[in-house]
Structure formats: structure tokens, C-alpha cells
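Each protein sequence line maps, in turn, to chains A and B. Reminder that position 270 of the first sequence reads as 270 in the working numbering, one-by-one numbering, no gaps. Reminder that position 10 of the second sequence reads as 10 in the working numbering, one-by-one numbering, no gaps.
Bear in mind the hints are in silico, worked out from the structure with no lab data behind them. Any given hint could be a false lead.
Beta-carbon label-pair distances, calculated as ranges [what the hints assert, rightly or not]:
1) A:G359 with B:N73: 33 to 41 Å
2) A:P190 with B:E57: 47 to 55 Å
3) A:N85 with B:E58: 25 to 33 Å
4) A:G413 with B:Q68: 41 to 49 Å
5) B:E58 with A:D216: 34 to 42 Å
6) A:R385 with B:V117: 30 to 38 Å
7) A:G359 with B:Q83: 28 to 36 Å
8) A:Q295 with B:Y81: 43 to 51 Å
9) A:K382 with B:N157: 50 to 58 Å
10) A:G260 with B:T42: 29 to 37 Å
11) A:D216 with B:Y81: 29 to 37 Å
Part of the chain A face toward chain B, derived, beta carbon under 8 Å [as the list claims (entries may be wrong)]:
12) Q94
13) G281
14) T352
Only a predicted model underlies this, so the values are computations on that prediction, with no experimental measurement involved. C-beta: ideal position from N, C-alpha, C; glycine also.
Single-letter residue listing:
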Amino acid sequence: MRGNLKKLSVLATRIAVLAIAAGVFSGLLGPEPAKALVEIDITQGNIEPLPIALPPFSAEGGDSRLASDMTAVIAANLRRSGLFNPLDPASYIQKNMSVNSTPRFGDWRTISAQALVTGTVIQQPDGRLRAEFRLWDVFAADQMLGQQFYTTPENWRRLAHIISDAIYERLTGEKGYFDTRIVFVDETGPKDKRVKRLAIMDQDGANIRYLTRGDDLVLTPRFSPTSQEITYMSYGGTDPSVYLLNIETGQREIVGNFPGMTFAPRFSPDGQSVVMSLQQGGNANIFKMDLRSRQTTRLTNTAAIDTSPSFSPDGRRIVFESDRGGTQQLYVMGANGGGAERISFGPGRYSTPVWSPRGDLIAFTKQHQGRFMIGVMRPDGKGERILTEGYHNEGPAWSPNGRVLVFFRDTPGANGGPQVWTVDLTGYNELRLETPAFASDPSWSPLID
Amino acid sequence: MLMKQNAIHGARWIAVCFAVLFAAACAQTKPDGLSSNVTPGTGQDFVVNVGDRVFFEEDQSVLNAQGQATLANQAKWLNRYSQYTITVEGHADERGTRQYNIALGARRAQAARDYLVGQGVSASRIRTISYGKERPVAVCNDNSCWSQNRRAVTVLNNATN
Numbered sequence: 001m002r003g004n005l006k007k008l009s010v011l012a013t014r015i016a017v018l019a020i021a022a023g024v025f026s027g028l029l030g031p032e033p034a035k036a037l038v039e040i041d042i043t044q045g046n047i048e049p050l051p052i053a054l055p056p057f058s059a060e061g062g063d064s065r066l067a068s069d070m071t072a073v074i075a076a077n078l079r080r081s082g083l084f085n086p087l088d089p090a091s092y093i094q095k096n097m098s099v100n101s102t103p104r105f106g107d108w109r110t111i112s113a114q115a116l117v118t119g120t121v122i123q124q125p126d127g128r129l130r131a132e133f134r135l136w137d138v139f140a141a142d143q144m145l146g147q148q149f150y151t152t153p154e155n156w157r158r159l160a161h162i163i164s165d166a167i168y169e170r171l172t173g174e175k176g177y178f179d180t181r182i183v184f185v186d187e188t189g190p191k192d193k194r195v196k197r198l199a200i201m202d203q204d205g206a207n208i209r210y211l212t213r214g215d216d217l218v219l220t221p222r223f224s225p226t227s228q229e230i231t232y233m234s235y236g237g238t239d240p241s242v243y244l245l246n247i248e249t250g251q252r253e254i255v256g257n258f259p260g261m262t263f264a265p266r267f268s269p270d271g272q273s274v275v276m277s278l279q280q281g282g283n284a285n286i287f288k289m290d291l292r293s294r295q296t297t298r299l300t301n302t303a304a305i306d307t308s309p310s311f312s313p314d315g316r317r318i319v320f321e322s323d324r325g326g327t328q329q330l331y332v333m334g335a336n337g338g339g340a341e342r343i344s345f346g347p348g349r350y351s352t353p354v355w356s357p358r359g360d361l362i363a364f365t366k367q368h369q370g371r372f373m374i375g376v377m378r379p380d381g382k383g384e385r386i387l388t389e390g391y392h393n394e395g396p397a398w399s400p401n402g403r404v405l406v407f408f409r410d411t412p413g414a415n416g417g418p419q420v421w422t423v424d425l426t427g428y429n430e431l432r433l434e435t436p437a438f439a440s441d442p443s444w445s446p447l448i449d
Numbered sequence: 001m002l003m004k005q006n007a008i009h010g011a012r013w014i015a016v017c018f019a020v021l022f023a024a025a026c027a028q029t030k031p032d033g034l035s036s037n038v039t040p041g042t043g044q045d046f047v048v049n050v051g052d053r054v055f056f057e058e059d060q061s062v063l064n065a066q067g068q069a070t071l072a073n074q075a076k077w078l079n080r081y082s083q084y085t086i087t088v089e090g091h092a093d094e095r096g097t098r099q100y101n102i103a104l105g106a107r108r109a110q111a112a113r114d115y116l117v118g119q120g121v122s123a124s125r126i127r128t129i130s131y132g133k134e135r136p137v138a139v140c141n142d143n144s145c146w147s148q149n150r151r152a153v154t155v156l157n158n159a160t161n
């Protein structure tokens with residue numbers, strides 16, 4: 001098993017990033033121009049996506065298919081974000097763009113492009129790829145960004161994601177989330193005999209790899225915020241328990257030596273501890289384990305079901321769900337336990353809270369009158385907003401920049417099953433993320449470095 | 001051999017059907033009498049003549065009168081055939097969230113376990129486990145299925161049949 005898992009290891013090759021010196025192109029562009037005209041304020045709801053032109057990167061005699069595939073990946077990323085509208089290449093007036101010449105901005109204004117990306121991908125004599133791109137503000141006739149990268153050819157998709165992140169960050173002022181992965185539970189077979197495997201894919205659904213074989217029931221994988229590790233629940237041992245899995249080495253270990261079933265794990269923001277529930281008779285309480293000292297700490301002690309703990313990004317508080325008041329509701333307590341205060345008060349049951357990496361919101365599942373919703377509220381419980389609702393929506397997880405939620409949506413009946421969806425914080429841009437089979441419990445990685 | 005089954009009321013009969021995984025036969029055949037060719041003290045005897053599962057209301061882990069009666073019969077049988085250890089498996093229906101349902105299934109298994117212990121079954125013979133909503137036996141999209149999935153099932157660990 002370990003041998004197989006090693007083959008599933010993630011891309012470890014570092015990609016060299018070199019910002020292109022402004023001076024190199026000063027002859028083309030003249031002096032540093034005024035402030036850019038093109039920017040996106042992504043805090044607004046239902047904004048008009050920014051028209052952006054992405055002519056295929058030039059290959060300059062090399063692999064033009066690779067160059068156009070890279071451009072397509074970048075365009076798909078930007079489109080899925082809901083913030084950009086990549087324009088139809090058929091409408092482009094200027095053809096055969098070179099990364100080293102100034103665009104004919106008038107041609108791009110004519111088709112209403114506000115931003116333009118030009119680029120090139122060339123295979124070097126040593127086999128590596130050299131990619132270069134420029135982001136242009138069409139109306140200001142100005143280069144906003146220029147970067148150059150070297151990497152091995154098999155990293156071409158990552159390179160496309162890194163370029164996508166650079167464009168997103170330059171135009172929105174927020175970190176991107178395209179050079180990331182999503183771990184989830186792959187589900188195959190009939191509903192009463194489901195086989196569940198841990199799987200990992202790029203955030204756009206590419207490069208699926210399976211991390212377990214399906215022999216054991218596995219649930220709720222969650223990424224470490226600081227390492228290539230996930231924590232999850234597996235039925236492989238005597239008692240169902242929380243495990244750690246290194247996705248690069250395949251090394252697996254049980255978390256703690258608890259007398260009974262442990263479940264619902266999640267890392268602390270520093271990656272040094274895991275919080276989880278321990279089942280004790282009819283009650284579930286929350287414990288924390290320090291991964292270095294192996295010390296465990298009890299955080300709750302109630303005759304209730306306390307589960308789904310999630311740290312605030314500063315590590316000082318934990319949100320969790322408890323039915324201590326009769327039905328599932330959300331509570332916030334200190335990171336060492338104690339002082340739990342209920343924050344959810346709307347009609348229905350609230351569960352699976354997850355603190356945004358920005359700290360400003362808590363996402364949750366809400367059940368009311370037979371419907372399952374995904375929503376967000378502030379950490380004080382105010383400002384509740386439902387982003388999507390239907391027969392069954394469950395288990396939100398945040399993109400690393402706190403702008404997008406990934407969750408699963410189940411469909412009813414014998415042939416129904418869960419699929420992974422994303423929705424942004426405005427609630428408007430709801431998209432299915434294609435997976436080879438049914439899929440549940442998605443969890444987003446941090447930005448890969 | 002499965003055509004003849006204990007003459008008991010509906011819910012437990014359904015339970016037996018799913019337990020023995022011959023749903024088609026069950027669906028077409030009314031139980032009409034005590035099973036005569038099941039060997040007493042076997043796993044089959046336990047499933048067919050005692051009943052291996054009890055059911056719960058939505059989001060509840062309280063045993064109803066029927067569940068208590070089933071568990072009392074289980075205890076009587078287990079006290080007679082003391083060679084068996086058991087695992088009580090708790091389950092939930094699909095109309096809840098995954099993590100909560102794991103704990104809810106555990107709570108149901110615990111309720112059944114506690115009842116068996118109260119009826120004299122040694123706690124050292126009993127292990128509990130919860131599968132949450134991950135192991136449904138009925139897959140339709142209404143309460144007729146969900147009510148079968150909200151269950152605690154007593155499994156003989158070392159049955160030979």
C-alpha cells in the first residue's frame with residue numbers, strides 16, 4: 001500500500017519565478033504610466049465579470065498545443081471564478097501576438113476587452129519550459145504585470161494555475177486560489193454498498209489521484225494548512241479513528257490513543273494540533289491533540305453530541321456544533337475549551353461550521369423543513385446569509401482566500417449520490433466541479449508553495 | 001428455508017427480510033409460522049426467530065416498546081447462548097449531516113447496549129460501533145426507507161450459522 005501511495009505523491013518540483021525587470025521593456029513602454037484603470041472589487045455581490053482577452057500563448061516554433069492548452073486552463077480558471085469574462089477568441093482582431101511587442105490596444109478596445117494577457121511557452125535546450133506572460137490594462141495602454149517562469153514540462157498545468165493566480169491577484173487585490181488542490185471522498189458502487197476512497201485533484205478537477213484503495217470506509221478528509229498532510233476518519237482499525245496521511249510519502253498514522261471512536265478531525269491553523277470528537281457512550285466531546293508532544297486535552301465535557309470543531313484563523317477560538325440545547329446549534333468557545341456561547345439562533349438545525357481563513361465568517365450547513373442549505377454568518381452569529389439551498393447540501397469548506405466555498409450536494413433515491421459544487425460568497429456563481437464518480441466531503445488545500 | 005418465518009408483526013418482519021438479504025422472497029411471502037428448520041442457537045436462529053434490530057424515530061435514540069421487546073428477547077437468547085460476543089451497530093438515515101450522524105448512530109448503539117446490559121447480558125460481551133448514515137439498507141427517497149435505516153443491529157461476532 002505504501003509503495004502505491006508513493007506513486008501518488010504530489011508535484012514537488014519548485015517552479016522558479018522571476019519577475020521581469022521593468023527596465024528590460026522600458027524601450028517598449030516608455031516611462032512608468034499612471035495608476036491602472038482596470039480593477040475588480042470582489043466584495044460586491046453579483047458583479048459584472050471583467051472582459052479579458054487571452055489570445056493563445058505563442059510557442060515560437062515549439063509545442064503550440066501545449067501553449068494553447070495552458071491558455072485554456074488559465075481562461076477556465078478565470079471564468080469559473082465568476083469575476084472574469086474571457087472573450088471569444090474568434091472576436092480577436094490582432095492575431096499572432098508576441099509577448100515581446102506592445103499590443104495594438106485599439107484592436108482590443110474595439111472588442112471591449114479591459115484586460116489582455118499575452119504569453120509565450122518555449123521548451124529550452126535543457127528540456128525545461130520557459131514561460132513568460134504579460135498582463136495589460138487595455139484602456140490605460142499599460143503593462144500591469146510581467147513574469148517569467150522555468151519548470152519541467154509535466155508541471156505545465158501548475159504553471160497555468162500560478163499564472164492564473166498572478167492575474168487574479170493583480171486585478172482583484174486578493175490572493176488567488178487556483179494553484180491548489182481539493183481532497184475528497186470518491187464514492188462508487190450502489191447506495192447500500194458504497195465504496196469510499198480518499199482522492200485528491202487540482203481545484204479545477206484535473207489530475208485525480210486516489211490515496212486509499214477502498215478497503216476501509218473513510219470520511220471527512222481535511223488538509224493541513226501548513227504541510228502536505230491530511231487528517232481523516234477511517235474504519236480500518238479496531239475502533240473507527242482519526243488518522244494522519246502524508247500525501248507525498250503515503251505514511252499513515254493514527255492520531256492519539258483514545259479509548260473509543262474518534263471522528264470529525266480538523267487541523268489547527270499552525271498545523272501543530274488536531275481537534276476532533278471522541279465518542280464516550282452516548283456522548284461525543286471535543287479533544288485536542290498536540291502532534292508534537294502527543295498530549296491530549298479535553299475541550300468539552302457535556303452529555304451531548306459536540307462535534308465538527310473548527311479553529312478561528314488566529315487559533316484563539318473554536319466553533320463547533322452541539323445538541324446540548326436540544327438540537328444541533330453552533331457554539332464558539334476558547335481554543336482551550338470553556339466559555340462556549342451559542343451563536344446560531346435562526347429556525348432549524350445548524351451543523352458543520354467552518355471558520356473562514358479570513359476570520360470574518362463562519363460557513364455552515366443548515367437544515368430546515370426538510371431542506372439542506374449552505375450559509376455563512378459572522379462569528380458573533382449575526383448577518384446570516386444562505387448561499388444555496390435544496391434537497392441536500394452539506395459540508396462547506398473554504399478556498400484559501402476565503403472567497404469561495406466548496407461543498408457537496410446529494411440527490412435523492414437509489415440512483416442518487418453526492419457531487420461536489422462550488423459557490424462564491426455572493427451566492428451567485430454556483431458551479432459543479434466534475435469528478436469521475438460520486439464525491440463528497442471536499443476540503444481545499446492552502447496555496448501550494 | 002426462509003419462506004417460513006416467525007409470525008410477528010410487520011416492522012420486525014421487515015427487519016428480518018433485510019437481515020437475511022432475501023428481500024425478494026420476503027416481499028412475496030407472508031410469514032406464516034415458526035421456523036421449524038432453523039437450528040436453535042445459531043446466527044440464523046437469532047436473526048429469524050429473535051430479530052436482530054430495533055428502530056428509532058428521526059433524530060432520536062429512545063427505544064420504543066417494540067424495540068424494548070426485541071432487545072428483551074435478544075437478551076434472553078444471548079443469556080442462553082453465552083458463547084457469543086456481540087457488536088451493536090448504530091445507524092442513522094441520510095437526512096442529517098455526516099459527522100452528527102456518526103454520533104447519533106453511536107448514541108443509538110449505546111441505548112441498545114444499555115438495555116441489553118439491563119437485561120443481564122454482560123457488558124464485556126458487547127462492543128458498539130456507529131456507521132452514521134454510511135450503511136443504509138433501504139435506498140428509496142421517503143420515510144419508508146429512512147425509518148429502516150434508523151436502526152441498531154445486534155451482530156453475533158462468532159456465529160457459525
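Right, here's what the structure says about each hint:
1. A:G359 with B:N73: 33 to 41 Å: The hinted range 33 to 41 Å is violated for G359 of chain A and N73 of chain B, with Cβ atoms some 55 Å apart.
2. A:P190 with B:E57: 47 to 55 Å: Roughly 27 Å apart at Cβ, these two residues miss the hinted range, so it is violated.
3. A:N85 with B:E58: 25 to 33 Å: violated (46 Å)
4. A:G413 with B:Q68: 41 to 49 Å: violated (33 Å)
5. B:E58 with A:D216: 34 to 42 Å: Since the Cβ atoms of E58 of chain B and D216 of chain A sit about 29 Å apart, the hinted range of 34 to 42 Å is violated.
6. A:R385 with B:V117: 30 to 38 Å: Violated, at about 47 Å.
7. A:G359 with B:Q83: 28 to 36 Å: violated (58 Å)
8. A:Q295 with B:Y81: 43 to 51 Å: holds (44 Å)
9. A:K382 with B:N157: 50 to 58 Å: holds (51 Å)
10. A:G260 with B:T42: 29 to 37 Å: holds (31 Å)
11. A:D216 with B:Y81: 29 to 37 Å: holds (31 Å)
12. Q94: With Cβ-Cβ at 52 Å, over 8 Å, it is violated.
13. G281: holds (5 Å)
14. T352: OK, holds: T352 of chain A within 8 Å of chain B, min 5 Å.
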